[in-house]
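With chain A's structure known, arrange chain B on it following the hints.
Listed in order, the protein sequences are those of chains A and B. Taking full-length UniProt numbering as reference, the numbering of the first sequence is continuous, increasing by one, and the terminal residue is 229. Taking full-length UniProt numbering as reference, the numbering of the second sequence is continuous, increasing by one, and the terminal residue is 229.
It is possible that part of the hints are untrue.
Unchecked claim - Here are the computed lysine-lysine pairs in the BS3-like style, where the Cα-Cα straight-line distance is at most 27 Å:
1. K85/B to K13/A
2. K10/A to K110/A
3. K85/A to K13/B
4. K13/A to K29/A
These are computed hints drawn from the structure, not numbers from a lab.
Each chain, written out:
There are 2 protein chains.
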Amino acid sequence: MERHFEQELKELKEHLLLMGGRAEAIVRKSIDALRRRDPIVAQQVFEDDRAIDRLEIDIEESCLRLLALQQPLATDLRFITAALKISNDLERVGDHAVNIAGGALRLAGKPMLKPLVDIPRMADVAIGMLNQALDDFVRRDGESARQLVRRDDEVDDLNRQVFRELLSYMIEDPSTITRALELVLVARNLERIADLATNVAEEVVFIAEARIIKHHADESASGDDFARG
Amino acid sequence: MERHFEQELKELKEHLLLMGGRAEAIVRKSIDALRRRDPIVAQQVFEDDRAIDRLEIDIEESCLRLLALQQPLATDLRFITAALKISNDLERVGDHAVNIAGGALRLAGKPMLKPLVDIPRMADVAIGMLNQALDDFVRRDGESARQLVRRDDEVDDLNRQVFRELLSYMIEDPSTITRALELVLVARNLERIADLATNVAEEVVFIAEARIIKHHADESASGDDFARG
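Just chain A, with the same shape it has in the complex:
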């Protein structure tokens, strides 16, 4: 029973959006676990990640089936190969949320180092970027995705700020080192999530504009030498 190509493509897109929603939710939940120092919420993150892993496998199989059976060309081909990569990126977002939840578990029994301010803010920016990238993906909005790529710096700046603050905690009071280190690693994971959102945005530009902007985000629109092929 072979379904219509357009129908399968539509389902692939829906699966990716579902996976994207799950990826946003799992990051939010991992930060909740950290903020509320709640080991039960942290455990849920581990379970949610397995569901995301399964979605990735489903999407990979759909993509391969579409490539093999339909032999798509041009835009559809680009869409399907981009879908393969986006699902891989979203799966890694889940892995980073698992790392954060691991930190939350280890911190759950210990006194709070400080009220969390910048880390939840980093999480908001990273989740916002994921959301925007998926929204751009649905609308095939290369221009918006291109702007998103530039927003990555915001998260990098926050990461450096968090790092410096935690470093000063550690130096002033060595009893905080273990806890501060956990938060340094949480911030790094959030920075990586923002990077992955950036990757998704790059794929959207690729779909929308048939141009590989990866490694060229800072170049002007005149960088047309990569539009070949």
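Frame of chain A; chain B shown alone:
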């Protein structure tokens, strides 16, 4: 002028091997920069990474051209989609080497915290895994690649060991915190490189056995429910 399909596939494979060799070399160089505290070597890492980025773009373009023009099926289709992912993994290896070189730069002007032992050992294991994964790829040796996936634990153990040792340095002598933190992050980057080598190995299994083992590396060979599609 259209070249023969087999010839293009062969070139794609050679490009991937070239990229793999560069990925191994850049990791080695980043650890050299760290060990010798040599900012010039660290700078070379940044340049080498740009060359790796360009290789990724070349490989992506080859893959898309092959998919579009040749409409390959079965094994070739799996090979090409796996090539897309492997090149992405190798490009990320370069990014992690850049992170390590950044740490080497920041540490270059400071006194050595301790002689580096476990970190170069981690690097050796991670580079060995990359090398093995690419060797398995050439020989399409799914069985060897499957064993490689299990070796990832070795690096994780070393990473935990490094972490604990550096933590004790920091707690005993807060003046070491900044330097120790840099080394913690170097170890995390090496751990991620080993993860990426594992990803490559998973793709090799996928090519060799037409089965997605990702997220199922620990399951027995009876986990056939993912062999569908």
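Hint numbers contradicted by this structure: The structure breaks only hint 2.
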